[in-house]
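Visitor: Could you slot chain D onto chain P? The hints should help.
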Amino acid sequence: QQNVQQSPESLIVPEGARTSLNCTFSDSASQYFWWYRQHSGKAPKALMSIFSNGEKEEGRFTIHLNKASLHFSLHIRDSQPSDSALYLCAVSSVGDNSKLIWGLGTSLVVNP
Amino acid sequence: DMKVTQMPRYLIKRMGENVLLECGQDMSHETMYWYRQDPGLGLQLIYISYDVDSNSEGDIPKGYRVSRKKREHFSLILDSAKTNQTSVYFCASSPGPERLFFGHGTKLSVL
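Respectively, the protein sequence lines represent chains P and D.
The working numbering puts the first residue of the first sequence at 1, with every later residue one more than the last.
The working numbering puts the first residue of the second sequence at 1001, with every later residue one more than the last.
Please keep in mind that the hints were generated in silico from the structure rather than gathered at the bench.
Possibly wrong hints are sitting among the right ones.
[Said to hold, decoys possible] DSS-like cross-link-like pairs, simulated, lysine-lysine; straight-line CA separation at most 27 Å:
#  : chain 1 : residue 1 : chain 2 : residue 2
1  : P       : K42       : D       : K1003
2  : D       : K1013     : P       : K99
3  : P       : K45       : D       : K1003
4  : P       : K42       : D       : K1013
5  : D       : K1069     : P       : K56
6  : D       : K1107     : D       : K1003
7  : D       : K1069     : P       : K99
8  : P       : K99       : D       : K1062
9  : D       : K1003     : P       : K67
10 : P       : K67       : D       : K1070
11 : D       : K1082     : P       : K42
The shape of chain D in the complex, shown without the other chains:
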């Protein structure tokens, strides 16, 4: 069953705390993504990963970093979270320059 799994589903953090969002996929897709989605701003690409240890900044990488040590796993790290990083974060994977498979999202609130 093709699946992208995100953990956790909901997260509440205080400003300045570190945040780890995790994403796994069982389709052996080379390419994985982290997006955030905010009302009125649409889907914004944070990072794209073309394979293990082959990561590239997206449109809004500031304040974020990523780690991909295994093809099936892609993490998003927020060091010292800020209130403006409150958002819904989506992970996605893709077999190529075509269809993206999205996880169910992580709703992050930074207080």
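With the rest of the complex left out, here is chain P:
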């Protein structure tokens, strides 16, 4: 069973900072890697995904995936107060891509 861990548990950064969130997993056979964002009192919403080793950039957000190191990360450039949220990483289950294994989340606060 895939095991997904996130670090740090919480993070406070000033507006404009570069923020890095980490996710480790236990089985490199997983195929899909996701970051979701959940604002307080709201539903999780898909942010970005990556399916192969490397890097993917969308606006201020960049994902890195290194399957050999069992690690993927989310980087936020020029962090904004509106980025304050719970960030959840998720990895597809080996053998059933429809099931996602979730980390417990990183709570990010961006101070103006």
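Guide: For chain D alone, coordinates are given in the frame of chain P:
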């Protein structure tokens, strides 16, 4: 407009009462999910449905059952609710092994 709708938004029940949580989606997604989210425990999968009448237990199915008679509708039933089932319940749908679309959640309190 792609949407997952959950009803009700808030619900208060007494221990032992039956609970019905309903979820609808307008995207014709085959796969639907029920999760619960608790502080410190994250998102826990209760049931997954691959299509009509094709349901599978998730990680914490005990005390719950589901019904999916139409592709766009997925229900979660708690028979004789317990206080430890107090939680926020999220329904989600997916077009495939990729992005999940979540409903806004149902906050259930069992007293």
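Visitor: All the hints need checking, so say for each whether the structure fits it.
Guide: So, going through the hints one by one against the coordinates:
Taken as a hint, the K42/P and K1003/D pair is honoured in the structure, with Cα atoms around 14 Å apart against an allowance of 27 Å. Taking the CA atoms of K1013/D and K99/P, the gap is near 30 Å; set against the 27 Å cutoff, the hint is violated. The straight-line distance between the Cα atoms of K45/P and K1003/D is roughly 12 Å, inside the 27 Å bound, and the hint therefore holds. Using a Cα cut-off of 27 Å, the hinted pair K42/P and K1013/D holds, with the two alpha carbons roughly 22 Å apart.
Between K1069/D and K56/P the alpha-carbon distance is near 39 Å, which puts this suggested pair outside the 27 Å criterion. Among the hinted pairs, K1107/D with K1003/D is consistent with the structure: their alpha-carbon atoms are about 19 Å apart, no more than 27 Å. A threshold of 27 Å between alpha carbons decides the hint, and for K1069/D with K99/P the separation of about 21 Å falls inside it, so the pair holds. Proposed proximity of K99/P and K1062/D is supported: the alpha carbons are some 18 Å apart, at most 27 Å.
The suggested pairing of K1003/D with K67/P is violated, with an alpha-carbon distance near 33 Å, which exceeds 27 Å. As the CA atoms of K67/P and K1070/D are separated by approximately 38 Å, the hinted pair breaks the 27 Å bound. Proximity of K1082/D to K42/P is assessed by CA-CA distance (about 25 Å); at most 27 Å being required, the pair is judged to hold.
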